[in-house]
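Sequence lines, in order, name chains P and L.
Residue numbers for the first sequence follow this note's numbering, so the first one is 943 and each next one is one higher.
Residue numbers for the second sequence follow this note's numbering, so the first one is 41 and each next one is one higher.
Quick caveat, the hints were computed from the structure, so don't treat them as lab data.
Note that the Cβ used here is the ideal one computed from N, Cα and C, for glycine as well.
Treat the hints loosely; a few may be bogus.
Pulled a few chain L residues facing chain P out of the computed Cβ check, cut under 8 Å [what the hints assert, rightly or not]:
(1) Glu143
(2) Phe147
(3) Pro158
(4) Gly204
(5) Ala314
(6) Ala317
(7) Gly320
(8) Arg324
(9) Ala382
(10) Phe386
Covered stretches of chain L (in silico footprint by chain P; criterion: 3 or more residues with CB under 8 Å from a CB of chain P, positions within the stretch not fixed) [what the hints assert, rightly or not]:
(11) 99–106
(12) 163–176
(13) 279–286
Ranges between beta-carbon positions, derived for each pair [claimed, not checked]:
(14) Ala985(P) / Gly109(L): 54 to 60 Å
(15) Leu1427(P) / Arg180(L): 25 to 31 Å
(16) Thr1341(P) / Ala250(L): 55 to 61 Å
(17) Asn412(L) / Leu1140(P): 28 to 34 Å
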Amino acid sequence: MSSPSRPWGAFRAASFTGKPLRIKDPGRPAAAALLLLLLLFLAFALLIPLLCLLAKSLCNAQGAFVGLDAFRTCFREPGLTEALGNTLLMGLATTAVTLPPAFILAYGITRTRMLGATLASGLSLLPLFAPSLFPALGLIYLFGRQGLARPFMGDIDLYGPLGIIMGSAVICLPHATLLLTAGLRSADPSLHEAARTLSAGSFRRFLTITLPQTRYGLISAALTCFILTITDFGVPQVLGGNHAMLATEIYKQVLGQQNFSLGAAISILLLFPALIAFGIDRRARKKQALLHASGMALPLRSRPGRDLAFTLLAWLILGFLLFLFGLVVWGSFISFWPYDFSLTLANYDFSLLGGDYSPLGNSLLLAGSAALLGPTLAFSGAYLSRRRGLPSFLGAAYTLLALIPLSIPGTVLGLAYIFAFNRPGALFACLYGSLPLLLINTLIHFYTVGQLAAVTTLQHINPDFETVGRTLAVPRRRTLFRVILPLSRESLLEISFYFFVNSLTTISALVFLYTPESMPASIFMLQISDTGNAAAASAVGSCILALALAGRLGYSLLRRGFARTRPPQ
Amino acid sequence: MEKPQKVAGVALFRKPPEPARNALEICPERGAYLHLAGIAKCFGSRAVLSDISLTAKKGEMLCILGPSGCGKTTLLRIIAGLEAPDRGALWLAGRDISDIPPEARGFGFVFQNYALFPNLTLAENVAYGLHGRGKEERRRKVAELLALVHLADYAGHYPGRLSGGQQQRAALARALAPDPALLLLDEPLSALDAQVRGRLRKDLRRIQKALGISAVLVTHDQQEALALADRIVVMNQGRIEQLDTPEALYHSPKTRFVAEFIGSMNVLSPLPGALLAMAGAEGRPIGIRYEDVIVDEITEARLKDPCCFVARIESNRLFGPFRRLELLLNDQTTRIFADIPATRQFKGLSPEQATRGLVAVTLPQNRWRRWNDA
């Protein structure tokens, strides 16, 4: 040992006294460089635009600093205060309207033996596969001035609060149902068994076990509905009538009146409720995740009365949804609503509108690239920040940046991009309006969900796998490609599909950024719909729906293939 | 193992060790295979290891034994190169390996949770560390190792379908495949149930001896350490309490911690008055193992022994092969435990009714354990 009496005691190796040893890790600098590159990308595509937005809101049209003037204008102008009030009110109302049917669907799917539960859970997702305009068009076909149900409606006007609430509710339904389903799945069967042995009836068990266990799911669902409604652009644009909402107001101020600083101020106002709701939602989800620990399925008993009731209610809701979507698809083949119901393909001839099919091509290119790049970026980021043993401040910075996009409404992000990339002399002004910028914007817009999914996947992979590789002198790269990636393939596919479908259907951010050459189909649909040509808009919408469903089919086939070749766990 | 010499004695380094670069790198402990000197490690402000120095000989199975949180796993990870020590140095076969990354150390590592890759077959798992070798060599090596751990029939199976014991044997084969210079095992048997654990313990010992490989095994299970180890390092709170053979550790513990941690030891502190004179003036505590306490019927001859006490049986539990008595000595304060054969009978007391009965308890002086610290 190192007793000082030994002659070489005085010559101890440097590692005895010097600074702590650092064991060499050959790929580490490269990995750190990659993560830095990702951080730079997020800074370039997220932070800089947001800072530009903030700066703009504090300046007047001439670019001079005016402090909070624009915000004062927001609260002084009656139109804008009204829009703010309307937006919050619509958010609350939509949440209240959406939760009951969503709960019925989720409960029916998870806790009853309703007929066609699997099909129902798939169909409830339908609104995710089309732009938010799509169900809005359906509502117009049904309840609009020339709608099918018009004769039975008296003088109720669809355009305004009613339309916004109904349209938003349809859009929120799949999100709320998904969250509630997850909440209801995470039940602890032993609690129910304990309650039964204490002779609690089913209603008492629902009140004392099911509801408390789902409360975080309910909070998440409610907040998601609220955020979606107050930030959505498509529905109020089509169904809002004269009912001013913040998202459309930003659009009007910026693209209509070129009042950029006021638009920036409004979007920052819109950011606040979204940020608060987002914060509460994160807490709720963390607690939900703790509840999830049991992970046991509840054994379902057959109770004919309950099962029948849920079958009827759930399929009533889904029937309405299907009818609404079917109506739009049907409407796209109609010659001249409501006078000539003969079928025609004329609405699909976009050249009659002075357009062509390039928006569909653009959308496909956009969605395809996002489907490839989205999971690549999200997974690389998650891997480098979580599993590569890099300095923790890098990982923390990345995690924080990657979390921001979820709390930024699309409208706000789109506007921020205008200020970052469309002002004279702006950095990378050359990108403005190009498809690559649309792609970057879309990637950022949907980044968080992809990143969180990748992190969750990696957390479920044994952290010792890399250690095994290292001790066996196998480069980390090889362990990544041979083990980590194959184990993550299903999750990667899911992330990829998420990016694909959202890139196809998103409107809110891209509406500020497109040029005629780079216009995606969802914006094309909005444009046609603004001209009042519902049939052609339906045709574009149906094309988007078809593309999204085709994507879903490809996803299902690949997934099935993966499941078949999956080694036993 | 049919032909151990075929596997044993292969070149232990993947690359021949470089000659020492300068005098500073010469291992201070001549003849040691693995040598650690002055290893210290802090996580934040918490010192996990302080000044750990130890030596392992070639072909030796060294067990690091300690309660959870004593730093034994950190020490193993430092030996593997997965953690860097704050201070101290390591030598292997006379070569300073302190700043060599784990990839280049060429040690095998076996995890408590097996860490087999679920998407690769057993054969692919075992071959994982053999990339870069010839296809034929790879195939031969995999077959050889799977046979060694009795899993030859499972080469094409995925780990998910195998039992815990099979998975751990496969993990052992994977770690051994590249002919590691040192085998490191982190609680390899802790996740297994008792029967499998016993069998695998024997397998592990057999394979380690057959290959003549040096191994360091971390465990919190004293039986495992006693059964497996050539020598045991007992650790407590980041320090080494004692490094000795199992026999020496059991029979002459050097510290109170070791005495109490291994086996079941009565610690008499304070000493009963009657023993005070015999124990020497300083009155340091005395230890006596449960099985060394002699319990008898009360006879006059017995009571003449100065180490003999009258005691009342406070409780009486059958533990299977032995019976454990809790005894209150007649000084009315000292409680000791005694393990006696399960079939032992006392006159007038049936084993079940023996509670509250009086017996003669002898604490023979030649069985007393003393240690250096208080």
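Status of each hint after checking the structure:
1. For Glu143(L), the suggested interface contact is upheld, since its CB lies about 5 Å from the closest CB of chain P, less than 8 Å.
2. Annotation: interface hint on Phe147(L) holds; nearest CB of chain P at approximately 6 Å, less than 8 Å.
3. Here the hint on Pro158(L) is kept, as its CB sits about 6 Å from the closest CB of chain P, short of 8 Å.
4. At a threshold of 8 Å, the smallest CB-CB gap from Gly204(L) to chain P is about 14 Å, leaving the interface hint violated.
5. Given the 8 Å rule on beta carbons, the hint for Ala314(L) is violated: about 43 Å separates it from the nearest Cβ of chain P.
6. Hint status for Ala317(L) relative to chain P: violated, with the closest Cβ pair at about 40 Å, above 8 Å.
7. A distance limit of 8 Å between C-beta atoms decides the matter here; for Gly320(L) the minimum to chain P is near 31 Å, and the interface restraint is violated.
8. Of the supplied interface hints, the one on Arg324(L) is violated, with its beta-carbon coming no nearer than about 28 Å to a beta-carbon of chain P, more than 8 Å.
9. A hinted interface residue such as Ala382(L) counts as satisfied when its beta carbon comes closer than 8 Å to some beta carbon of chain P; here the least separation is about 39 Å, so the hint is violated.
10. Here the hint on Phe386(L) is broken, as its CB sits about 46 Å from the closest CB of chain P, past 8 Å.
11. Counting residues of the stretch 99–106 of chain L whose C-beta lies closer than 8 Å to any C-beta of chain P gives 0; at least three are required, and the coverage claim is violated.
12. Against chain P, the stretch 163–176 of chain L contributes 3 residues with a C-beta closer than 8 Å to a partner C-beta. That satisfies the three-residue criterion, and the hint holds.
13. With 0 residues having a beta carbon nearer than 8 Å to a beta carbon of chain P, the stretch 279–286 of chain L misses the requirement of three or more and the stated coverage is violated.
14. Distance hint for Ala985(P) and Gly109(L): a CB-CB separation of about 41 Å, inconsistent with the stated range 54 to 60 Å.
15. In this structure the hint that Leu1427(P) and Arg180(L) lie 25 to 31 Å apart at CB holds, the actual value being about 29 Å.
16. A hinted range of 55 to 61 Å for the beta carbons of Thr1341(P) and Ala250(L) is inconsistent with their spacing of about 49 Å.
17. For Asn412(L) paired with Leu1140(P), a C-beta distance near 59 Å fails the hint of 28 to 34 Å.
Consistency note: the structure conflicts with the earlier hints numbered 4, 5, 6, 7, 8, 9, 10, 11, 13, 14, 16 and 17.
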